[in-house]
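Asker: Chain by chain, the residues run as shown.
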Amino acid sequence: MKNRIEEIRTQKGIKQEELAKLMGVSRQTISSLENGRYNPSIMLAHKIAKYFGMTIEELFIFEED
Amino acid sequence: MNNNQARTLLSIFWIILGIVILTLSVLGILNNTLFGGMGGALIAVGCLQLYRHIKYSRDEDYKERIDIEVSDERNKFLRLKSWAWAGYITVLVEAVASIIAYISKQVLIGQILCYSICLITFTYWLSYMILSRKY
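First to last, the sequence lines map onto chains A and B.
Under our numbering, read the first sequence as residues 1 to 65, first letter to last.
Under our numbering, read the second sequence as residues 1001 to 1135, first letter to last.
It cannot be assumed that every hint is accurate.
Unchecked claim - Per label pair, the in silico range of CB-to-CB distance:
id : chain 1 : residue 1 : chain 2 : residue 2 : range
1  : A       : 36        : B       : 1009      : 20 to 28 Å
2  : B       : 1036      : A       : 18        : 45 to 53 Å
3  : B       : 1055      : A       : 18        : 19 to 27 Å
4  : B       : 1036      : A       : 2         : 55 to 63 Å
5  : B       : 1066      : A       : 58        : 28 to 36 Å
6  : B       : 1066      : A       : 53        : 26 to 34 Å
7  : B       : 1027      : A       : 18        : 53 to 61 Å
8  : B       : 1007      : A       : 47        : 24 to 32 Å
9  : A       : 50        : B       : 1048      : 39 to 47 Å
10 : A       : 18        : B       : 1079      : 21 to 29 Å
11 : A       : 24        : B       : 1004      : 17 to 25 Å
Simulated from the structure, these hints should not be mistaken for laboratory data.
Heads up, the beta-carbon is just placed ideally off N, CA and C, and yes, glycines get one too.
All chains should be modelled from the sequences, with the hints used to inform the complete structure.
Answerer: Shown next as structure tokens:
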């Protein structure tokens, strides 16, 4: 699943480490999310979207297989 | 008693058990070199665990890093995935090994491997049944 985490994060000038610490996850998790290698749980997706002041749909791009 | 204190005590127990086993092995009461190795391994593991638990209780940065590592959802996912892979690979290797064992007339080894596959499959089925009731 594609997402706009990297785009929004860099716009806000936040480092991966900082976002990871705020979300209570490892930096590798943020990196994997940004690369689209790992899909987050609904809880983490909600937490990240809420932090950026967006909805989950705005942050994560759902694509039909 | 918190979780870390309990783990610290468990580490001390492993060290003491290791010392006892090693001593009995050196004195010849436990007459097998296996026990000597086991005692040494228990002491080493106990010391390593004890070091980690002490560091966890004293070093805030280390504690934070460990807490994130343990609770991180991607790590949990990777751990579960790794166990699933380990299970699949074990069953496949055992299945191939059991066929080789039967071909090379090692019937007992072949039977043990087949029982092992049955046990793993049964455990999987049982786990699935329990989890399907829970979720």
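Asker: State for each hint whether it applies.
Answerer: These are the hints, each one checked on the structure:
no. : hint                         : result
1   : 36(A) to 1009(B): 20 to 28 Å : violated, 44 Å
2   : 1036(B) to 18(A): 45 to 53 Å : holds, 51 Å
3   : 1055(B) to 18(A): 19 to 27 Å : holds, 25 Å
4   : 1036(B) to 2(A): 55 to 63 Å  : holds, 57 Å
5   : 1066(B) to 58(A): 28 to 36 Å : holds, 34 Å
6   : 1066(B) to 53(A): 26 to 34 Å : holds, 31 Å
7   : 1027(B) to 18(A): 53 to 61 Å : holds, 58 Å
8   : 1007(B) to 47(A): 24 to 32 Å : holds, 29 Å
9   : 50(A) to 1048(B): 39 to 47 Å : holds, 40 Å
10  : 18(A) to 1079(B): 21 to 29 Å : holds, 26 Å
11  : 24(A) to 1004(B): 17 to 25 Å : holds, 19 Å
Figure legend: structure checked against the earlier numbered hints; the only hint not met is number 1.
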